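Read off the chains here:
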Amino acid sequence: MGLHFNPADIQSIGIGLAAFLATVLAVFIFISARHERLGRPMWITLAVASVWAWFGFLYHLVPGLELARDMRVVSVTGIVWLAMSQLYFAGVYLGERVQYGKLVQRMQLAVYSFGAFLTALLVADLFGTRLIVGDLLLPADVALAPMAGPLLGVLIGYYVVCTIFSGTLLAWRARAGVDSSDRNQALALFISMTVGLTLGGTRFTPWYGFDFYPLVGDIGFPLFVFATFYSIERYHLLNREVAAAQLFIFTLWTLSFFRFLLDTSGQAMLVDGGFFLAALVLGVFLLRSVVMEAKAQRELAAVAVERTKSEFITIAAHQLRTPVAALRWSFNLLSEGREQLSEKQRALVDKGNRAADNMMHLVNDLLDMGHIAEGRFTYTFAEGNLGETIRAEAGLFEDIAKQKNVALDVRIADDLPAIRFDGNRLNLAIQNLVDNAVKYTASGGRVTVAAERSGEGVRITVQDTGIGFTPDEKSRVFEKFFRGSRAVHMSPDGSGLGLFIAKTVVEGHGGRLAFSTEEGKGARFTISLPAKPPATP
Amino acid sequence: MADPFGPRILIVEDDPLLSELLAEKLHGEKFDLRMARTGEEGLESVKRERPDLMLLDIMLPGIDGFEVLKRVKENPETKHIVVIILSNLGQQSDIEKGTQLGAEKYIVKVSLTLSEVVQAVRDVWQKHAPQTA
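Residue numbers (the working numbering), protein chains in the order written: chain W, 251 to 787; chain E, -19 to 113.
FYI, nobody ran anything at the bench for these hints, they're computed from the structure. Remember, it's a predicted structure, so these values are computed and weren't measured experimentally. Glycine included, C-beta positions come from ideal geometry on N, C-alpha and C. Hints may be right or wrong, so weigh each one.
What the hints assert, rightly or not - Pair by pair, the computed Cβ-Cβ distance ranges are:
| hint | chain 1 | residue 1 | chain 2 | residue 2 | range |
| --- | --- | --- | --- | --- | --- |
| 1 | E | P56 | W | T558 | 44 to 50 Å |
| 2 | E | G82 | W | E702 | 18 to 24 Å |
| 3 | E | D103 | W | G587 | 23 to 29 Å |
| 4 | W | E702 | E | E76 | 52 to 58 Å |
| 5 | W | A552 | E | P56 | 51 to 57 Å |
| 6 | W | L591 | E | P56 | 45 to 51 Å |
| 7 | E | Q80 | W | K771 | 49 to 55 Å |
| 8 | W | E648 | E | L(-3) | 31 to 37 Å |
So that you can see chain W by itself, here it is in the shape it has in the complex:
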């Protein structure tokens, strides 16, 4: 071959390099990010790109015109799939920021269907038709491409449509970026994919007698690879340590495998074969441990972030307690002298009082949540009169219920067993449930708080005829900060922590908090407490 490369050599070197890069990238992303939203379309795109490139590379290597043509048919199929998978990638990527409509989804589906149709034509070409890929007249190390089949133009048109379509989605995504780094990343992917596909499109030119593809087309792929790398890195889809280990092992495997292949004596083959096997096995173990290490690091970082968050909440909530107490007490004093106030002032003082009370509840909820997250929400269990506790806690809401014209029934069975519980904590849970029930039940409704024996333990139910939850809210009822849409409408204030805290408290007693609801008809919460709470650590 010497130093003089003819166009076919350049093409084969270029496409061989592309094949190698695409495979390495596909393997990297498959190993480290295949479960992530964007990782999946990305590794699929790269895997498809490597199909295209490897078979394009083989086109130049295999002997025989017919076999070379077959390789080219598979490679062209890879191009069709590459166009499709880039569109798939662009769709997922855009979907991160924009909820696009049915029209775009239908267009995507149409493109995929047509891609499947073209694939079928190419399979037929493998079995003898000459619809897309024509005959190969000269050896592949001379001819850059076989003859064009009658439908090659359709395939090229498809490729152009896909390029424009996915380019549009990527540009859309770049515009919808949340900050400049997000936009830059989208822009990099837009440029690399669209330019990569456009330049890659010049690969079709030799079919029509122009041989400038090798000089232009091969710029496209490295550009695509670099920009992809950049985006992956930005997106933290790729862990640098993992990638380095992967590269090292990949190189080791390649070298030892080729050494084994090129061996001439049986003895050398035995030694090198053994070496290759050892490298293979050790490599897999090394990779696994590096991936696990990286994962553990990421989890640790996530835990640290979570801890910082809850510490911040605890400190902020704690600092707020003093000013909130000052506010409450100021309004308390003001409302004691309410006779001296004008009606307008009285109304203001009452509103201020209520706002300060809400703020206190919010601050206390946040503090409890912070303590729960930090594992400092501890329990002190003692035997007590649970019936009295429930009556007292429900009694706190008697005035509010009366003001709202909501009937508040408390029914405590006489035969409640004596159980051990943490009075302060359980009060909180009962208060939260009764508070919600009264708050979200309209005038004329009814709230029933009942306690009865259930085996050795106690079952407490809080039932209301209020707004309830919608079917799709049901699964989120106990989530932190979650508030039902109708609840927000009915009472804008509220931390969304009450039920989360109640559930934590009940489960801290070794019990269960269950609920059933019907939208617009009410909700029923059931606390089941065992006779003996778990031993405190």
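Using the hints, position chain E against chain W.
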């Protein structure tokens, strides 16, 4: 010793607004009030004024409330003083620590209205008044 003003109460609270509000409310209830801003001032005041009852904050500049409580209860001359902790630390461990050190009651400021605080003071005092009367 007959006291026309009822029990003498020492309020150790560093937040000026909170102590002003407390004083305002308690004054109306005919208590004899003394104020302190820091732990050191509080101890000084305990020695000088010999209060019957103390409302003690925990988070104080200098010596903290737990330390003040400990020293008051360690001293035979002052250990009879009834101490109510009035703090915004509401953790179970804080409450236990306060009770162990000899506080009569532990009140989390933010959770009670001013009237409830006064009621708690009155209740505690009623329980202990016969001893000092």
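Hints violated by the structure (numbers, ascending): Result: hints 2, 4 break, sorted rising.
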